[in-house]
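**Q** Residue numbers (numbering that gives the first Met the number 0), protein chains in the order written: chain A, 0 to 250; chain B, 0 to 315.
By construction, these hints were calculated from the structure, which means they are not laboratory data. For every residue, glycine included, the Cβ atom is placed at its ideal position computed from N, Cα and C. Some hints could be false.
Said to hold, decoys possible - What follows is a set of in silico ranges between Cβ atoms, one per label pair, in the way DEER data are often shown: (1) A:242 - B:58: 20 to 26 Å; (2) B:58 - A:30: 46 to 52 Å; (3) B:91 - A:243: 25 to 31 Å; (4) A:242 - B:66: 28 to 34 Å; (5) B:184 - A:172: 51 to 57 Å; (6) B:139 - A:247: 30 to 36 Å; (7) B:226 - A:246: 40 to 46 Å.
What the hints assert, rightly or not - To spell it out: a stretch of chain B is covered by chain A in this simulated footprint if at least three of its residues, at any positions, have a beta carbon under 8 Å from a beta carbon of chain A; those stretches are: (8) 54-60; (9) 75-81; (10) 87-98; (11) 103-111.
To be verified - Incomplete in silico selection of chain A near chain B, CB under 10 Å: (12) 4; (13) 11; (14) 15; (15) 83; (16) 88; (17) 89; (18) 92; (19) 249.
Here are the chains, one letter per residue:
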Amino acid sequence: MSDVLAYPVLAARAARLSLRTVDALFTALLLPVMIMLLFVYLFGGAIQTGDTPYVVYALPGVLVLCTAYGASMTAPAVTSDMTAGIIDRFRSMDVGGRALLAGHITAGAVRNLASVVLVVGAALLIGFRGDGGALGWLAALGVLIAFIVALSALSAAVGLLARSVEAAGGFTFAVLFLPYPSSAFVPVETMPGWLRGFAEHQPCTPVIEAVRALLTGAPAGSAPWIALTWCGGIFTASLALGSWLFHRRTR
Amino acid sequence: MTHTPAIETAALGKSFGAVRVLGDITLTVPAGGVFALLGPNGSGKTTLVRVLSTLTRPDAGTARVLGHDVVSERRALRARISLTGQYAALDELQTGTENLAMMGRLRGLGRTAARRRADELLERFDLTGAARRRVLTYSGGMRRRLDIAASLVTPPDLLFLDEPTTGLDPRSRHTMWDMVTDLTRAGVTVFLTTQYLEEADRLADRIALLDGGRVAAEGTADQLKARVSTGRLDLVLDGPAAFADALRALGDRAVHIDSEHATLGVTTTGGAAEIRALLDELDPDRTAVRAFTVRPTTLDDVFFALTGRAQEATRV
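So that you can see chain A by itself, here it is in the shape it has in the complex:
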């Protein structure tokens, strides 16, 4: 079975499986909305973001947080396949690792886009307004998709590395914290120097800056290009790592 033919079958499978993991799906879709409401109403009043209303400031961060979290759920899904008998059946049917991983990454991306729609919808309801125009919003969506695909690929590689589903779940937790030390929820200038250095140069920051600028119509500068470079790099490195790990695990 060629990977090209197996891929759509496995993507549909991964989508079906994630639709049926009800608790995880519920968390993936609703947690981001909850986090946004939490930040806007609980902390938002205390965080100074200049003339920008806090919901406008925080939305890109929430989007990155929720997509990063959603993408990280690919890790336990991959580990679950690798540690169960099903991988043997797939391999004995000559279904390759590439098709299996691409299926998981695709299903993860679709799931994440659903949660992006929910979060943006909720943000519009509580007063988010952006002047980026259709083109800006499309560009913002493009950057987010690149981020989702890159992190899903990284998650798939982590899923291949983990020896148990629980261990892979730990990655989900780690990813949930990555967006905090960035410009997601508080301006980077308010952080202590040492943290600021990290926050300014970690991959979440250019993604957030790019999405924020593109949604609001502010000048984006080089942020989208830096964001896409990061995503491309993470994606390429993850694919190489993933394919190496897959061969190692299935020797």
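With the hints as your guide, set chain B onto chain A.
**A** For chain B alone, coordinates are given in the frame of chain A:
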């Protein structure tokens, strides 16, 4: 009819780290029928199945399955074999139909054909009633049946079954045996592993005993039994005088002496000619021996004699 053996290995070996799991396996499995690989836990059965079904690469020797080398020609081989492993290779969150239709699609069937084949197999394996239920809700026996059905979405020439009846209740075990017999009638060669002697005796045309990663013995059940004479013939003599005469005649051959019941035991293969000759020798007038009983050689005896692992083997 082809005369190519289904499986041919030469000095096949596999180590995991410092542990030599398979050492020097040289085995020929003829095409057609059932071949059973019998061995205790940890004897290397699963590893051998994984090597032969292309999932694990051997690190010594060669193996050709259906004429294809398991390493260099694994892609061609994978199209002709199916494997049902020890643990169900199914998605618990998908229904029976969805699992089988997915396997069909991955075997290259179109959407409609895959669906039709799934319905056929569910019917054949008595799972139609559960077709729309998630596998999560299936019993162990139902999972095993669905798992085997998944191996048959496109009919293989050779089917590997790794411990197909471990953990099944007696009824499901018999259903499984009938299923294996049906498959061989349809021309599929079945290579199965088992730790149950009764299963090997009942199903297999040929048996290999695997012990510590080596083939301890190989042949038909009868050939294996003939290698070990642990069957016993007990003779009940007609009174103390006949007992004393018989004991004198047998000498060292008597392995069991019970004067209270006037009974003497000798080892036997259980063959009729052997028993008849012994009776003629001891009792030419046909008056001294009143009765006899034979405890025939079982595969258990072969197994224990050849592996020396009585404690670890599982008796059915």
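**Q** Now look at each hint and say whether the structure bears it out.
**A** Against the structure, the hints come out as follows:
For the pair residue 242 of chain A and residue 58 of chain B, the supplied restraint of 20 to 26 Å holds, since their beta-carbon distance comes to about 22 Å. A hinted range of 46 to 52 Å for the beta carbons of residue 58 of chain B and residue 30 of chain A is consistent with their spacing of about 47 Å. Under the hint 25 to 31 Å, the C-beta atoms of residue 91 of chain B and residue 243 of chain A, about 29 Å apart, fit the expected range. A hinted range of 28 to 34 Å for the beta carbons of residue 242 of chain A and residue 66 of chain B is consistent with their spacing of about 30 Å.
Restraint check, residue 184 of chain B to residue 172 of chain A: a C-beta distance of roughly 54 Å satisfies the suggested window 51 to 57 Å. Distance hint check for residue 139 of chain B and residue 247 of chain A: the Cβ-Cβ separation is about 32 Å, which falls inside the suggested range of 30 to 36 Å. Distance hint check for residue 226 of chain B and residue 246 of chain A: the Cβ-Cβ separation is about 43 Å, which falls inside the suggested range of 40 to 46 Å. With 3 residues carrying a beta carbon less than 8 Å from a beta carbon of chain A, the region 54-60 of chain B meets the three-residue requirement, and the given coverage holds.
Look at the region 75-81 of chain B against chain A: 4 of its residues bring a Cβ nearer than 8 Å to a Cβ of that chain, three or more, so the hint holds. With a cut-off of 8 Å between beta carbons, the region 87-98 of chain B has 7 residues touching chain A; three or more are needed, and the interface restraint holds. Check on the region 103-111 of chain B: 4 of its residues sit with their Cβ under 8 Å from a Cβ of chain A, so the three-residue criterion for coverage holds. For residue 4 of chain A, the suggested interface contact is upheld, since its CB lies about 7 Å from the closest CB of chain B, less than 10 Å.
Of the supplied interface hints, the one on residue 11 of chain A holds, with its beta-carbon coming within about 8 Å of a beta-carbon of chain B, less than 10 Å. The beta carbon of residue 15 of chain A is positioned within 10 Å of a beta carbon in chain B (closest approach about 6 Å), and the interface hint is therefore held. The interface hint given for residue 83 of chain A is met, as the beta carbon of that residue sits about 7 Å from the closest beta carbon of chain B, less than 10 Å. Using the Cβ-Cβ criterion of 10 Å, the hint placing residue 88 of chain A at the interface with chain B is satisfied: the shortest such distance is roughly 4 Å.
The closest approach between the C-beta of residue 89 of chain A and any C-beta of chain B is roughly 7 Å, which is under the 10 Å cut-off, so the hint is satisfied. For residue 92 of chain A, the interface hint holds, since its Cβ comes within 10 Å of a Cβ in chain B; the closest pair sits about 5 Å apart. With a cut of 10 Å, the hint placing residue 249 of chain A at the interface with chain B holds, because the nearest CB-to-CB distance is about 8 Å.
This entry satisfies every hint, going by the numbered hints stated previously.
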